[in-house]
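According to the UniProt record's numbering, the sequence shown holds residues 1 to 204 in order.
Worth double-checking, as some hints may not be accurate.
[To be verified] No more than 25 Å apart at the CA atoms, straight line, and that leaves these computed lysine to any residue pairs for SDA-like: (1) K12 <-> A158; (2) K12 <-> G29; (3) K12 <-> G204; (4) K12 <-> R104; (5) K12 <-> A24; (6) K12 <-> E119; (7) K12 <-> R201; (8) K12 <-> L102; (9) K12 <-> G164; (10) K12 <-> D130; (11) K12 <-> A163; (12) K12 <-> A125; (13) K12 <-> V22; (14) K12 <-> R120; (15) K12 <-> G128; (16) K12 <-> P46; (17) K12 <-> A51; (18) K12 <-> E161; (19) K12 <-> V179; (20) K12 <-> M111; (21) K12 <-> P99; (22) K12 <-> A141; (23) K12 <-> L45; (24) K12 <-> L121; (25) K12 <-> G122; (26) K12 <-> V178; (27) K12 <-> G118; (28) K12 <-> G98; (29) K12 <-> A103; (30) K12 <-> E185; (31) K12 <-> R23; (32) K12 <-> T117; (33) K12 <-> N89; (34) K12 <-> G108; (35) K12 <-> L85; (36) K12 <-> H192; (37) K12 <-> S62; (38) K12 <-> D124.
Hints are computed from structural coordinates only; laboratory data are not their basis.
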Amino acid sequence: MGHAGRAAEPDKRTLRRELLAVRARLPQGDVRASGAALAERALELPELAGARTVAAYVSVGSEPGTLALLDALRARGVRVLLPALLPDNDLDWGAYSGPDSLARVQHGGKMALFEPTGERLGPDAVTGADVVLLPGLAVDARGMRLGRGGGSYDRVLARLERAGAHPSLVVLLYDSEVVERVPGEPHDRPVHAVVTPSGVRRFG
1 MGHAGRAAEP DKRTLRRELL AVRARLPQGD VRASGAALAE RALELPELAG ARTVAAYVSV
61 GSEPGTLALL DALRARGVRV LLPALLPDND LDWGAYSGPD SLARVQHGGK MALFEPTGER
121 LGPDAVTGAD VVLLPGLAVD ARGMRLGRGG GSYDRVLARL ERAGAHPSLV VLLYDSEVVE
181 RVPGEPHDRP VHAVVTPSGV RRFG
């Protein structure tokens, strides 16, 4: 870990708090409109155009909306995998088959999530995805992503690496969340692209 790792954590915490506070103030109408714009931009991604399987997630609260995108991908015949949170913060996966295939699950003191109700495919199912859509709070000019801090997606990324799987990694954010620099750790991997309501930015 070293001293740098310890110094980065409070910065990450502060930055997370600030970004979440801004999101919390967004009017619902803006959240909905952003979701529609995000779906439109994301669907222009060549990576998604050729994808057969996409690992995604269901946005909650004031997160940039993903439902419009999930439905559009499904309409294209893409197999969409959605996460289910396990007790140890790892993620299991299930297939999305429309809004009625989701159930609201309350995880202890943590937030309620919408999870797929169908068959669980196991944590390794993500290694078969062509594209992985990652939630986040910010991404910087290098493509480094700031997550929520739960570590679930760090596990996913480590699992992809162990499996030798190389899906396109795409983060969905609001325009203001593309920042100059986020505090990083030596093991952090850059994402390939960020999609915001105003467009796509690629890294690497």
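Against the structure, the hints:
At roughly 20 Å between alpha-carbon atoms, K12 and A158 fall within 25 Å of each other, so this suggested pair holds. As the CA atoms of K12 and G29 are separated by approximately 29 Å, the hinted pair breaks the 25 Å bound. A distance of roughly 23 Å separates the Cα atoms of K12 and G204; the hinted pair therefore holds under the 25 Å criterion. With a C-alpha separation of about 29 Å, the suggested pair K12 and R104 falls outside the 25 Å cut-off, and the hint is violated.
For the hint linking K12 to A24, the alpha-carbon distance of about 18 Å falls within 25 Å, and the restraint holds. Proposed proximity of K12 and E119 is contradicted: the alpha carbons are some 36 Å apart, above 25 Å. For the suggested pair K12 and R201, the alpha carbons sit about 23 Å apart, so the restraint of at most 25 Å is met. With a CA separation close to 31 Å, the supplied pair K12 and L102 exceeds the 25 Å bound.
In summary, the hint linking K12 to G164 is not supported, as the alpha carbons are separated by about 29 Å, beyond the 25 Å threshold. The hinted pair formed by K12 and D130 fails the criterion: a straight-line CA distance of about 29 Å is larger than 25 Å. Taking the CA atoms of K12 and A163, the gap is about 29 Å. The hint is violated against a cut of 25 Å. Straight-line distance between C-alpha atoms of K12 and A125 comes to about 30 Å, which puts the hinted pair past the 25 Å bound.
Our distance criterion of 25 Å between C-alpha atoms is met by K12 and V22, whose separation comes to about 15 Å. With a CA separation close to 33 Å, the supplied pair K12 and R120 exceeds the 25 Å bound. Note on K12 and G128: the hinted pairing is violated, with a Cα-Cα distance of about 31 Å set against a maximum of 25 Å. The hinted pair formed by K12 and P46 fails the criterion: a straight-line CA distance of about 32 Å is larger than 25 Å.
Proximity of K12 to A51 is assessed by CA-CA distance (about 33 Å); at most 25 Å being required, the pair is judged violated. Under the criterion of a C-alpha separation no larger than 25 Å, the hint pairing K12 with E161 is consistent with the structure, at around 24 Å. Distance check on the hinted pair: K12 and V179 sit about 13 Å apart at the alpha-carbon level, within 25 Å; holds. At most 25 Å may separate the alpha-carbon atoms for a hinted pair to count; K12 and M111 meet this at roughly 20 Å.
Taking the CA atoms of K12 and P99, the gap is near 34 Å; set against the 25 Å cutoff, the hint is violated. Proximity of K12 to A141 is assessed by CA-CA distance (about 16 Å); at most 25 Å being required, the pair is judged to hold. A C-alpha spacing of about 29 Å is found between K12 and L45, which places the hinted pair above 25 Å, so the restraint is violated. Note on K12 and L121: the hinted pairing is violated, with a Cα-Cα distance of about 33 Å set against a maximum of 25 Å.
Taking the CA atoms of K12 and G122, the gap is about 30 Å. The hint is violated against a cut of 25 Å. The suggested pairing of K12 with V178 holds, with an alpha-carbon distance near 15 Å, which does not exceed 25 Å. Restraint check: the Cα-Cα separation between K12 and G118 comes to about 35 Å, which exceeds 25 Å; the hinted pair is violated. The suggested pairing of K12 with G98 is violated, with an alpha-carbon distance near 35 Å, which exceeds 25 Å.
Proximity of K12 to A103 is assessed by CA-CA distance (about 31 Å); at most 25 Å being required, the pair is judged violated. Between K12 and E185 the CA atoms are separated by roughly 11 Å; this keeps the pair inside 25 Å, and the hint holds. About 16 Å separates the Cα atoms of K12 and R23, which keeps this hinted pair within 25 Å; it holds. A hinted pair counts as satisfied when its Cα atoms are at most 25 Å apart, and K12 with T117 does not qualify at roughly 33 Å.
At roughly 19 Å between alpha-carbon atoms, K12 and N89 fall within 25 Å of each other, so this suggested pair holds. Between the alpha carbons of K12 and G108 the distance comes to roughly 24 Å, so the proposed pair stays at or under 25 Å and holds. Our distance criterion of 25 Å between C-alpha atoms is met by K12 and L85, whose separation comes to about 23 Å. Between K12 and H192 the CA atoms are separated by roughly 21 Å; this keeps the pair inside 25 Å, and the hint holds.
A threshold of 25 Å between alpha carbons decides the hint, and for K12 with S62 the separation of about 20 Å falls inside it, so the pair holds. Taken as a hint, the K12 and D124 pair is broken in the structure, with Cα atoms around 28 Å apart against an allowance of 25 Å.
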